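Protein chains: 4
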Amino acid sequence: MKLWQKKTKLNPRIEAFTVGDDPVLDMKLVKYDCRASIAHAKMLEKAGILDPNESKQIESALKKIIELHDSGHFIIEKDQEDCHTAIENHLTESLGELGKKIHTARSRNDQVLAALRLYYLDEISRIESAIHDFLRAMHDLLKRHGSIQIPGFTHTRKAMVSSVALWAAGYAESMADNLRLVHTSRDLMDQSPMGTGAGYGIPLDIDREYAAALAGFSRIQQHATYVQLSRGKLESTLVHTLTQVMLDLNRLASDLILFSEPTFGFFILPADFCTGSSIMPQKKNPDVLELVRAHYHRILANEIQLKTQTGNLISGYHRDMQTTKKPVMESLDLTLNSIAIMTLVAETLDVDKEKCAAGLTPELFATERVYELVRQGMPFRDAYRKIGGEFE
Amino acid sequence: MKLWQKKTKLNPRIEAFTVGDDPVLDMKLVKYDCRASIAHAKMLEKAGILDPNESKQIESALKKIIELHDSGHFIIEKDQEDCHTAIENHLTESLGELGKKIHTARSRNDQVLAALRLYYLDEISRIESAIHDFLRAMHDLLKRHGSIQIPGFTHTRKAMVSSVALWAAGYAESMADNLRLVHTSRDLMDQSPMGTGAGYGIPLDIDREYAAALAGFSRIQQHATYVQLSRGKLESTLVHTLTQVMLDLNRLASDLILFSEPTFGFFILPADFCTGSSIMPQKKNPDVLELVRAHYHRILANEIQLKTQTGNLISGYHRDMQTTKKPVMESLDLTLNSIAIMTLVAETLDVDKEKCAAGLTPELFATERVYELVRQGMPFRDAYRKIGGEFE
Amino acid sequence: MKLWQKKTKLNPRIEAFTVGDDPVLDMKLVKYDCRASIAHAKMLEKAGILDPNESKQIESALKKIIELHDSGHFIIEKDQEDCHTAIENHLTESLGELGKKIHTARSRNDQVLAALRLYYLDEISRIESAIHDFLRAMHDLLKRHGSIQIPGFTHTRKAMVSSVALWAAGYAESMADNLRLVHTSRDLMDQSPMGTGAGYGIPLDIDREYAAALAGFSRIQQHATYVQLSRGKLESTLVHTLTQVMLDLNRLASDLILFSEPTFGFFILPADFCTGSSIMPQKKNPDVLELVRAHYHRILANEIQLKTQTGNLISGYHRDMQTTKKPVMESLDLTLNSIAIMTLVAETLDVDKEKCAAGLTPELFATERVYELVRQGMPFRDAYRKIGGEFE
Amino acid sequence: MKLWQKKTKLNPRIEAFTVGDDPVLDMKLVKYDCRASIAHAKMLEKAGILDPNESKQIESALKKIIELHDSGHFIIEKDQEDCHTAIENHLTESLGELGKKIHTARSRNDQVLAALRLYYLDEISRIESAIHDFLRAMHDLLKRHGSIQIPGFTHTRKAMVSSVALWAAGYAESMADNLRLVHTSRDLMDQSPMGTGAGYGIPLDIDREYAAALAGFSRIQQHATYVQLSRGKLESTLVHTLTQVMLDLNRLASDLILFSEPTFGFFILPADFCTGSSIMPQKKNPDVLELVRAHYHRILANEIQLKTQTGNLISGYHRDMQTTKKPVMESLDLTLNSIAIMTLVAETLDVDKEKCAAGLTPELFATERVYELVRQGMPFRDAYRKIGGEFE
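Protein chains in written order, with the working numbering: chain A, 27 to 418; chain B, 27 to 418; chain C, 27 to 418; chain D, 27 to 418.
Calculated directly from the structure, the hints in this document are not laboratory data. Check each hint, because a few of them may be wrong.
Which copy is meant is left open, so a pair is good if it fits within one copy or across any two.
[Stated by the list, open to error] In silico lysine to aspartate or glutamate, EDC-like type, Cα no more than 20 Å apart, as pairs:
(1) LYS352 / GLU398
(2) LYS126 / ASP408
(3) LYS352 / ASP47
(4) LYS169 / GLU373
(5) LYS32 / GLU119
(6) LYS412 / GLU123
(7) LYS32 / ASP105
(8) LYS89 / GLU41
In this text the structure is predicted, and so the values were computed from the model without any measurement.
Could you put the whole structure together from the sequences, leaning on the hints where they help?
In structure tokens form, the structure reads like this:
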């Protein structure tokens, strides 16, 4: 039975269409919904809707659901639509009349968002810690091979002498700067929607700050209408952040794909990282890097979906917003996996000193020769033209 | 065992990362791969690689796999990566040495594409027939309620008198025009990649036209290099086509959402199409329409992924291209479901005559009054200014 | 004075904001608007709104405007908003009362679209002929250097032997296939909106086919409501087509950038095509190719704008749609310029035989060696594993 | 003469193609380039490349250029490509040999970025102050009309009673939260690229912090390679920020468009904000709001361009990156104009009390009636079903 079920039954084709993937996707949200519901019950106790004993019973029933879920025994049926219904139904079954009180002072709308945001906040912490692992791996790579000189390119043409250190440090600095965005994403996401109902508040006197603090939020969204305006929007800043992380990995993968190609051969991927071809027996292909490169585009597409979906709509909740869940979840998974795999790559990457040395062809030193003349007092532009003449 | 497996085993974390969703997604491709492989075997017979008896054995083994799959007994193991490996492994198990010959004159590269395109071509036919069903339903709607007058809007402001007929016919004409794109998508997709190997041909004398015709393709891609350039590209035209279909449905859903809102109330959705709210007991929400509207954006995002993924890459196959499969499959599913559900909506939609009549307020007739004056001989611009004066 | 001007003057800040770039962009449309207006006047004559003499006068006044425009003397003032107002005002000034009749049986809405579509159709012809020039240049390149062997790559790794012929022919075949989309774009665009007014028809008996044929359209859009649904939509198919052309050029440019890099050095760009660096005197940079590569992304972004802009909107005209003009115009310009410049590149490209020969390293021949064993009777998969053993 | 000009002249067609719009776009950068160049000259003085007198001369010549530019007399010729060349050429003309020294210890690459970032930082301040103006206007609106009750909608259906205060406060809170992103954008942008040359440093001992501080940057990018990785990337965070601001305005405009439509009629736009129709004399169209709504999509498209352009490219500068300038500039202009115009709308918006009262139909009070029963002790879900029965 659905939370909103009354006499008329939903047409079965419409039901199949509207339920979609939710029962599967929501398995990730069960524990967060229970956690928020425990906070909600304590707030209802403070408001006098539940007595202390009732609140306790609800808390222990919700903890039981978390245990069931952890052991793989909590199931969301198709006709329950989502985890929120499954959990309320479970409460009503185990607690009888008391279960019917848990939805007081909330709507599924703010309930869904509370669970989603607690989940997103946990994932953001995972992203942050994965970035720190990556930075450590890049630093180790830099310590292992940093002093080896390699050609620096501009316009895919040899430009000036670079080094493994300069190359790796650039990526590390860029990735470290991404943490600023990660923190802003968290600051924006870390706002409680609890107690805003369907976007126009609850006609009861409740303590929203209290519920928020118990659930683990740092602050509340003041105005119920902002909660609905922020749905999909805060997610889009989160996924934007993921695209920035992934862009760095995309560029890093692009470098490694090209410069481990044997004609250059500066970098060497471990043999057991490479896949083969079904027709060409010699092939050692960097599929792992190509997939990291590719995932950038998937995540970018997800961001675009988030951003176009709510455009041109009036304010207030629309069902369209529920489809923002899947692209965010997918983007988080792909990003976490990609950071972890590139950390593994950084940890195991080898550098071929001889190939690097062979790559240091004379044109890479032209600018240094200009600067020798500058140090001897020649105006820069004259020195530039003098050396440039040799290359025409 | 993978098709390209040699001595070195793939690192398990790399393997998990690279295999991804393929074993699940590829369940849709099993029968198409078998169908193309039967054609391939016959071509090998013609080329003298297989004798007629061998070709027969392979054909019946592949038909057996189709049966297994139809009855839900064909399984793709994670370590087989994809349906192509699972099928070749199955052949080798059942046919011994003979199974090792099936991959002659092809690469997994052209094999995958052949199966995908046969699948896409079948789906395109399904889309086409779903569109025809939709057109029929719109035509019936027009016959049921066409003569009822409704306000026509520009700038979300009442403009001139329209009718259910004019409203529905505009959508039908737009949808019918989409069929031109559907056909172009099919023409582009209906090209055989078979026998182009990894993108540089096969060092054997083979009859590509023969294999193509047996598999059901109308023509072949002449140059092996084009096959790789077209991967993701032909798909992007297909998904562009889907976005055009979905844009019409998005606009249609937008009209129905607004004009079934009781303040206007021109249209009435069946009660069993509407969902409720967990907090507001009176709500009858058009979730089904909102989700159709939302799916447009998912499909558009998928198109963008297809288009950005291969940009800036040199020619020749890259593993990145394999990630184009999921967004195309998802877009086809969502579009087919959305057309079907909007067909159901069109079949059951009701029109509220009284609300429509009440909506026909005087300003809708201002332009007709201008034209009365024009018919009496007044220059248009003067008539316009005369009537316009009344509204200032 | 604006076409819709009555007593209330528009707030000057609002006016500046709403007029935007139109006076500049519309300079491209003047002659197309005049051409459509001549057809419109003849249709009004047929409908008895104008007498033959009036129609003649209007025709010659409009031809005069085309002349003025061709000689650079037709100006669109900011306060006229757009070319349509400027032209009607000009007619009213030169023809007095008669000028006030020209807007009979049309709205600026269908008028704008008629001019835009005639302009787009002309541009589509230019694109088509630019593609033919490009195909000729690729064919000449193939004749000059086709027989030179080059490495074929997959996964940015050497795969099998290719040739300049196979490489160039793949691009040519891909570009030729784009013509199918070009033709579909034209078929869709080649529909007259004339006489549909603001999207709900004209309260007069007019011959829309007659006007369409005179203006040069092949058919009419039957239902006035379809005209508004198609705005931005037909444009998005056109710009999708441009992205397909540009993707081929993006990939071609990517090949040329990498393989003219001296480490590979297969291709040589003319010296006077390369730009330098302000600091590194040796640099010869392929900016021209990098910009072609980049323009793909601009045009793709423009397509996305077209596709997201009208999503989630109810049917009927919205001012939002007017902002579709700029991205289409820009995309057409960039595509035409890019095809022309890549034609020039193809015409002048040189191939370095020695560098190509040096690139043909042994692993490129591994597959051929497998097939030698196949020809001797060994099952493919055994031959593959035998040769593969040498590369582990 | 270009900075990198040597003997070979660029092919004129290539030159026209590569120069593109830069001479026009760069007019916005002249003063920022001069400001950064003054800092650069002082750094060169500190490094002993220039003596104090030379540095002074350069400073006063650059200030002269700013004056020329402010008075409209500084021109960038097509063959100078960009403002950087025009400025260096001007210095060389006015200072002779000394002018040839200014380019010591920099590349056009870091020079362009320094000027662009100083310009972006100024624009970010303008955005921030425009947001504060908007917040003030919304606050005034709230004070003028906040107490008026209006219907709150979910799923475009009446949900619960809202008010002008709750409606306006939601937008204000959302916009205020955007300031967090504005600040993060600034923090990321506020990093000096000066002295990193073409991305691989300068072979001279220079004080990058000194130059950065003089130019007005808070910190430097430590590694020259990061500078190139950040090009386009930092811009994409800036434009993402603009999309968040614009999404709020898009939603606000959507509300105002629908709810100022006379059937609802809650809001009233000033008459001199509305445009008319060329055919329908009664029309008062909210073009201004529709254009704000539309600009969201343009800016989103620009963000996508920034994000796809550098994907799949190896590290190091590519000319592609230069095309990121135009979409950022355009996005800043459109956003600033849109905030300003919506501030004007908020300042002048009227609310129709009677229409609002008429909109408060009974179903809006159903949830309050549920909560009356809850306050009397009925479990929420029972109360919900009791009241819900009345609406079936």
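We went through each hint and held it up to the structure:
1. When the C-alpha separation of LYS352 and GLU398 is checked against a cutoff of 20 Å, the pair qualifies neither within a copy, at 58 Å, nor between copies, at 37 Å.
2. In this homomeric assembly, LYS126 and ASP408 come within 20 Å of each other (Cα to Cα) only across copies, at 7 Å, whereas the closest approach inside a single copy is 85 Å.
3. For a Cα distance limit of 20 Å, the shortest separation of LYS352 from ASP47 qualifies both inside one copy, at 9 Å, and across copies, at 15 Å.
4. For the identical chains of this complex, LYS169 and GLU373 are intra-copy neighbours only, at 11 Å inside a copy versus 49 Å across copies, given an alpha-carbon limit of 20 Å.
5. In this assembly of identical chains, the alpha carbons of LYS32 and GLU119 lie at most 20 Å apart only when taken from the same copy (18 Å versus 57 Å across copies).
6. For the homomeric pair LYS412 and GLU123, the shortest alpha-carbon distance between copies (15 Å) is at most 20 Å, but the shortest distance inside one copy (91 Å) is not.
7. Taking the shortest Cα distances, LYS32 and ASP105 sit within 20 Å of each other inside one copy (14 Å), while across copies they are farther apart (48 Å).
8. For the homomeric pair LYS89 and GLU41, neither the shortest alpha-carbon distance inside one copy (30 Å) nor that between copies (37 Å) is at most 20 Å.
Checked against the numbered hints given earlier, the structure breaks hints 1 and 8 and satisfies all the rest.
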